[in-house]
Amino acid sequence: PDDRFLYVLHNGINGPARETFRGAGTNFHPKAPSALSIVALESRSVLRTIPLVWNVSSISLTNDGRCLVTVGMGRKSKNTPKDPFDLPAVHVIETQKNEVKAVYPAGSVIVQVVWTADASRFFVLCARDLVRKGREWSSEHGELRIYGSASGKPLAELELDYGQGMLLSRDE
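When the count follows my numbering, it moves up by one through the sequence shown with no breaks and lands on 172 for the last residue.
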């Protein structure tokens, strides 16, 4: 029978828990990198837990449900060399086998990720050279990374002015 799964994000930085802590006058800071637990609904058991980078801000399924995509912001760290879990990255998890298909590193702060309908191409929009002005962060520089294979190496890296969002035209 077709197994159905529930995907549970641990130590993410968005969602109701963060708002609850903030509303209570505290700020929520995960104590460990994010992780994704895969729960088989039929057997009511945790199949596995996949380690992710620090501070995952979103998880979503591709249109066809074949891949689950996580977007991790990473964290500032004094480790030298940097631990791979400290760096921002997009994880693509194949939902048939529930295994990591690819990890796409982002050079800086991830603004948005979009992908083609068949998940053959991923577009990662980043902000670079962030500057703090009072309580706000701003950037005049951006970068678009285009990925198309499981190798984790970009097909292209384009320097742009700071971008705030992306839309992919009709894709079949």
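A portion of the hints provided could be inaccurate.
[What the hints assert, rightly or not] Pair by pair, the computed Cβ-Cβ distance ranges are:
no., residue 1, residue 2, range
1, 97, 141, 14 to 22 Å
2, 148, 65, 31 to 39 Å
3, 146, 41, 34 to 42 Å
4, 4, 84, 25 to 33 Å
5, 45, 170, 34 to 42 Å
6, 141, 4, 37 to 45 Å
[Claimed, not checked] Pairs of lysine to any residue, SDA-like flavour, derived with a Cα cap of 20 Å:
no., residue 1, residue 2
7, 78, 4
8, 31, 63
9, 76, 46
10, 101, 76
11, 133, 78
12, 153, 42
13, 97, 46
14, 101, 63
15, 153, 78
16, 97, 4
17, 31, 119
Just so you know, these hints were derived from the structure itself, not from any lab. Backbone N, C-alpha and C define an ideal beta-carbon position, used for all residues, glycine too.
Evaluated hints:
no.	hint	verdict
1	97 - 141: 14 to 22 Å	violated (38 Å)
2	148 - 65: 31 to 39 Å	violated (20 Å)
3	146 - 41: 34 to 42 Å	holds (35 Å)
4	4 - 84: 25 to 33 Å	holds (31 Å)
5	45 - 170: 34 to 42 Å	holds (40 Å)
6	141 - 4: 37 to 45 Å	holds (43 Å)
7	78 - 4	violated (41 Å)
8	31 - 63	violated (32 Å)
9	76 - 46	violated (31 Å)
10	101 - 76	violated (26 Å)
11	133 - 78	violated (23 Å)
12	153 - 42	violated (37 Å)
13	97 - 46	holds (14 Å)
14	101 - 63	holds (17 Å)
15	153 - 78	violated (25 Å)
16	97 - 4	holds (12 Å)
17	31 - 119	violated (32 Å)
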